[in-house]
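Protein chains: 2
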Amino acid sequence: MDYYSSKITALIDEFSRLPGIGAKSAQRLAFHVISMPEERVNGLAQALVEARRGVRYCKECFTLTDDELCPICASEKRDHGTIMVVENTRDLAAYEKTGRYEGVYHVLHGAISPALGIGPADIRLKELMTRLAGDVKEVIIATNSSLEGETTAMYLSKLIKPTGILVTRIASGVPVGGDLEYIDEVTLLRALEGRTEL
Amino acid sequence: MDYYSSKITALIDEFSRLPGIGAKSAQRLAFHVISMPEERVNGLAQALVEARRGVRYCKECFTLTDDELCPICASEKRDHGTIMVVENTRDLAAYEKTGRYEGVYHVLHGAISPALGIGPADIRLKELMTRLAGDVKEVIIATNSSLEGETTAMYLSKLIKPTGILVTRIASGVPVGGDLEYIDEVTLLRALEGRTEL
Numbered sequence: 298m299d300y301y302s303s304k305i306t307a308l309i310d311e312f313s314r315l316p317g318i319g320a321k322s323a324q325r326l327a328f329h330v331i332s333m334p335e336e337r338v339n340g341l342a343q344a345l346v347e348a349r350r351g352v353r354y355c356k357e358c359f360t361l362t363d364d365e366l367c368p369i370c371a372s373e374k375r376d377h378g379t380i381m382v383v384e385n386t387r388d389l390a391a392y393e394k395t396g397r398y399e400g401v402y403h404v405l406h407g408a409i410s411p412a413l414g415i416g417p418a419d420i421r422l423k424e425l426m427t428r429l430a431g432d433v434k435e436v437i438i439a440t441n442s443s444l445e446g447e448t449t450a451m452y453l454s455k456l457i458k459p460t461g462i463l464v465t466r467i468a469s470g471v472p473v474g475g476d477l478e479y480i481d482e483v484t485l486l487r488a489l490e491g492r493t494e495l
Numbered sequence: 298m299d300y301y302s303s304k305i306t307a308l309i310d311e312f313s314r315l316p317g318i319g320a321k322s323a324q325r326l327a328f329h330v331i332s333m334p335e336e337r338v339n340g341l342a343q344a345l346v347e348a349r350r351g352v353r354y355c356k357e358c359f360t361l362t363d364d365e366l367c368p369i370c371a372s373e374k375r376d377h378g379t380i381m382v383v384e385n386t387r388d389l390a391a392y393e394k395t396g397r398y399e400g401v402y403h404v405l406h407g408a409i410s411p412a413l414g415i416g417p418a419d420i421r422l423k424e425l426m427t428r429l430a431g432d433v434k435e436v437i438i439a440t441n442s443s444l445e446g447e448t449t450a451m452y453l454s455k456l457i458k459p460t461g462i463l464v465t466r467i468a469s470g471v472p473v474g475g476d477l478e479y480i481d482e483v484t485l486l487r488a489l490e491g492r493t494e495l
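Residue numbers (our numbering), protein chains in the order written: chain A, 298 to 495; chain B, 298 to 495.
Check before you lean on any hint, since a few could be wrong.
Pairs involving identical chains hold if they fit within one copy or between any two copies, as the list cannot separate such chains.
[Unchecked claim] Restricting the straight-line Cα-Cα distance to at most 20 Å, the calculated cross-link-like pairs of lysine to aspartate or glutamate (DMTMM-like) are: (1) K458 / E447; (2) K458 / E490; (3) K374 / E347; (4) K434 / D419; (5) K455 / E347; (6) K434 / D476; (7) K321 / E393; (8) K455 / D376.
No wet-lab data here; the hints were simulated from the structure. Keep in mind it's a predicted model, so treat the numbers as computed, not measured.
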């Protein structure tokens with residue numbers, strides 16, 4: 298659809314290859330870019346290139362970071378004896394946003410999924426076990442409550458328990474502010490099973 | 298939220314400044330970029346910079362283009378005596394996608410809106426009138442059927458009619474495949490008024 302400008306068409310093509318951006322959004326974004334101040338467009342382009350080129354894995358927890366160690370693993374204020382295991386860096390970010398978790402993390406970069414052929418060796422499990430040789434008191438498993446996340450949690454729990462380290466799982470239940478009417482049955486049953494005394 | 302990598306945070310910031318991209322989408326996009334092959338990220342960055350730097354207005358119809366004249370105005374196959382007036386380049390693209398319009402265009406880059414303080418001098422109206430001095434048979438007004446689009450259509454029609462050039466307006470009505478039940482009353486009345494004999 299090269300009706301006006303091959304350069305805009307090229308940009309629309311690039312945008313529409315990104316996840317969650319359809320043809321209409323790609324077009325809207327491209328026309329927005331044309332109307333942006335040139336230095337802002339250059340800023341966006343530079344941020345893209347630098348993020349792709351400069352980001353690496355923290356050698357401790359395997360989150361994405363700029364340096365050898367991520368700011369969390371490098372911080373003396375964090376409790377390095379408590380490790381929360383998450384599937385990916387977005388999940389880490391979600392917990393960090395709460396501002397209330399004081400331990401460190403371990404990012405698996407995936408979850409065990411027999412259906413997709415992803416086994417324990419395909420995620421950062423070995424690296425977690427290496428860390429457990431240190432002075433660790435608790436491993437909090439915060440994988441998703443999907444089939445894959447639960448499978449990974451079970452596997453991890455069996456692997457870690459023999460070491461004597463405390464293994465915990467974040468609670469499943471009704472989201473805060475969630476309307477029971479709109480919540481699926483599995484979650485409702487989980488919330489019931491996990492009920493606590495008031 | 299600089300929990301992991303300042304470079305990713307910078308990219309998330311840049312993405313979330315684009316229209317229609319919320320915090321969650323920006324994060325998803327940024328993490329996707331990290332996982333893309335480096336040459337694809339560079340390609341996207343280059344497309345951004347080139348689109349912003351290289352695009353200009355066609356000196357005839359004012360659509361966005363790479364050259365002095367857009368491919369449509371430069372084409373000998375198009376009927377240069379028929380001009381379709383549209384609000385923006387996206388609307389031009391929409392009609393071009395039909396593949397059935399053989400005339401040329403005029404892009405106003407906006408519509409008259411007293412509420413927003415946009416008057417006739419703020420859109421490419423003068424440039425249209427200059428073009429009408431040439432050999433033009435028909436002006437098809439294809440501004441949106443919004444208040445602004447209709448105001449612009451009325452204004453244009455009054456301006457052009459004295460020149461003796463045929464002025465037409467694209468039809469309003471029920472979209473093809475549209476279910477009457479879900480269509481607003483104004484559109485239904487328009488469709489009724491615009492009914493044609495079978």
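Legend entry - Earlier hints that do not hold, by number: Of the numbered hints, 2, 3, 4, 5, 6, 8 do not hold.
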